[in-house]
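A.B. asks: Chain by chain, the residues:
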Amino acid sequence: MDGPDVLILVSSGPGTPARCAAPFHVATLLACMDARVTLFLTGEATQLARAEVADHLVPVAGGEPVRHFIRQAKLAGARLLMCRQPGVPLAEATLIEELDEISSGGELARLILETDKVLSL
Amino acid sequence: MNIHGLEFPDHLHYAPALGLWLREEPDGQLTLGLNAYGCALYGEIFAFTPKRLGARIEEGRSFGVLEFAKAATSSRCPLSGELSGINEALDQRPALIHRDCYGAGWLIRLRPDDWPAQRQRFSLGEAARAALEEQMRLDGFDPENAAVQALKWKS
Chain A
1 MDGPDVLILV SSGPGTPARC AAPFHVATLL ACMDARVTLF LTGEATQLAR
51 AEVADHLVPV AGGEPVRHFI RQAKLAGARL LMCRQPGVPL AEATLIEELD
101 EISSGGELAR LILETDKVLS L
Chain B
1 MNIHGLEFPD HLHYAPALGL WLREEPDGQL TLGLNAYGCA LYGEIFAFTP
51 KRLGARIEEG RSFGVLEFAK AATSSRCPLS GELSGINEAL DQRPALIHRD
101 CYGAGWLIRL RPDDWPAQRQ RFSLGEAARA ALEEQMRLDG FDPENAAVQA
151 LKWKS
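Chains as they are written, first to last, in the numbering used here: chain A, 1 to 121; chain B, 1 to 155.
Just so you know, these hints were derived from the structure itself, not from any lab. Accuracy of the hints is not assured; some may be wrong.
Said to hold, decoys possible - To give an idea of the interface, some chain A residues facing chain B are shown, with a C-beta separation under 7 Å as derived from the structure:
hint, residue
1, T28
2, L29
3, M33
4, D34
5, Q72
In this text, a Cβ means the ideal position worked out from N, Cα and C, and glycines have one as well.
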């Protein structure tokens, strides 16, 4: 991929299911245009990295679960990171296999400064 | 030429792995479109968004995005060149890709870097049969149920 670097900050989670497909679909489209895409799950969106949430949370009634959109983004070449939340225990065995890295707020700050374009969805 | 019920006109060149056809135009440009196998794989296409006119496209890189049921995919360019034409009719009527994939549903025009040297890589008509059949075999294509197969293939 030789396009620009794009960072998508994902902050929507189970509280707003209807907003949970767009970040991954946009990531898929951008990656299909040769952008180097990183999805970064923060705040409530970190819940989407849990298999039981990703497999069952459905953005549109009758549609596919969030996991489907995550897989599409990964297939297109996007990278998926999540923010480790201080003080919140993390059972790594419960996380989806599509996750590339558990990262930090500091890493997020560095990515924002170094990335060509940053979207918040 | 007909393969598993899918039509492949004899006057076109083919890029089997990418599901594309290519046609040499009198002015040296190439017209590219999705061939019948590409259409069968993807199912109904809801949108095609090409890169900007004039964009430099390297071989193997994306010249646009195809959106279809539940997914999207890159349209990869089979050879390097400049994107010299886009089919604006597809903005409003993406269904043309399916309805007339070898005519009004063409995708882009490309000004190739060196078509004379590249031409031999893209078999013409009947000469592409073996490569097309092999690609279908590799993809596990089920000609009896193309629409369902397309969903399985992409999921």
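A.B. asks: None of the hints should be skipped; say for each whether it holds.
C.D. replies: Here is how each hint holds up against the structure:
Interface hint at T28 (chain A): satisfied, since its Cβ lies 5 Å from the closest Cβ of chain B, which is below the 7 Å cut-off. The restraint placing L29 (chain A) at the interface with chain B holds, with a minimum CB-CB distance near 5 Å, inside the 7 Å limit. Hint status for M33 (chain A): holds, given a least beta-carbon distance of 6 Å to chain B, under 7 Å. With 7 Å as the threshold, the beta carbon of D34 (chain A) comes within range of chain B, its nearest partner Cβ sitting at about 5 Å, so the hint holds.
The closest approach between the C-beta of Q72 (chain A) and any C-beta of chain B is roughly 5 Å, which is under the 7 Å cut-off, so the hint is satisfied.
Hint violations for this structure: none, all hints satisfied.
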